[in-house]
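Just so you know, we're using the numbering used here here: the sequence shown kicks off at -8 and counts up by one.
Hints are not guaranteed to be accurate.
[Unchecked claim] DSS-like mimics (lysine-lysine), calculated; alpha carbons at most 30 Å apart, straight line:
#	residue 1	residue 2
1	109	57
2	27	40
3	23	94
4	116	11
5	11	27
6	27	57
7	11	66
8	11	57
9	40	23
10	23	2
11	40	57
12	94	109
13	94	113
14	94	28
15	66	23
16	50	23
In case anyone wonders, no lab produced these hints; they're calculated from the structure.
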Amino acid sequence: MAKAKDHIIAKAPTSFEDIKRFLNEKPYLTAKLHGKKYRFMYHIYSSPKYREQGKEFFKGVNVHYKEYANELSNKLGIPADYIQGMTYIFVRACVHYALFEDKEYLNLQLNAIRSSLKAYIKDKKEERK
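Let's have the full structure, built from the sequences with the hints guiding it.
So, in structure tokens, the structure goes:
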């Protein structure tokens, strides 16, 4: 999983304008590069036998997402808590797509992120007036 996380960070947006590229390419790359691993992990951690280990694993993932959000906040000029929330939605959409190749679910989630970003931009512009 460390490779998947490193890959996401390496391909992360470098500016606010770069977010569109990231949203358009990352889900498909994730499925191609990490889909088999995600399906295996889903199979293991959904088992009652390994549920507690899965919980522990994802506690660590949450720490990484917070660090990632703080790092991106500095690059993008967006609050870290906002980025962290969007990251959870985005990662969930990417993983779901990697597991099930459900484009409808993916597009609904990506559109929710896009709409949220548009609203965020609009609010920031109105604050500057």
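Exercise. Decide if the proposed pair is consistent with the structure: residue 27 and residue 57, CA atoms, cutoff 30 Å inclusive.
Key: holds, 25 Å
Practice problem: Take a quick look at whether residue 27 and residue 40 sit within 30 Å of each other, Cα to Cα. | Solution: Measuring from Cα to Cα gives roughly 21 Å; hence the hint holds.
Quiz prompt | Satisfaction of hint between residue 23 and residue 66, Cα-Cα up to 30 Å | solution = OK: residue 66 and residue 23 at ~27 Å, within 30 Å.
Quiz item: Given the proposed pairing of residue 11 with residue 66, does the C-alpha separation stay at or below 30 Å?
Solution: holds, 15 Å
Quiz prompt | Given pair status - residue 28, residue 94, alpha carbons within 30 Å | solution = The hint holds at about 19 Å.
Exercise. Below or equal to 30 Å on CA atoms is what counts here, so check residue 109 against residue 57.
Key: Status holds; Cα separation ~23 Å.
Self-check item: residue 23 paired with residue 94 [C-alpha distance capped at 30 Å]
Solution: Since the Cα atoms of residue 23 and residue 94 sit roughly 14 Å apart, the hinted pair holds (cutoff 30 Å).
Quiz item: Going straight from one Cα to the other, do residue 11 and residue 57 come out at no more than 30 Å?
Solution: holds, 21 Å
Exercise. Assess, step by step, whether the Cα of residue 50 is no farther than 30 Å from the Cα of residue 23, and give holds or violated.
Key: holds, 25 Å
Self-check item: 30 Å limit on alpha-carbon distance, applied to hinted pair residue 94 and residue 109
Solution: holds, 22 Å
Practice problem: Measure nothing beyond the straight line between the CA atoms of residue 11 and residue 27; if it is 30 Å or shorter, mark the hint as holding. | Solution: It holds: about 26 Å lies between the C-alpha atoms, which stays within 30 Å.
Quiz item: Taking only the CA atoms, is the gap from residue 40 to residue 57 under or equal to 30 Å?
Solution: holds, 28 Å
Consistency with the previously given hints is maintained throughout, with no hint failing.
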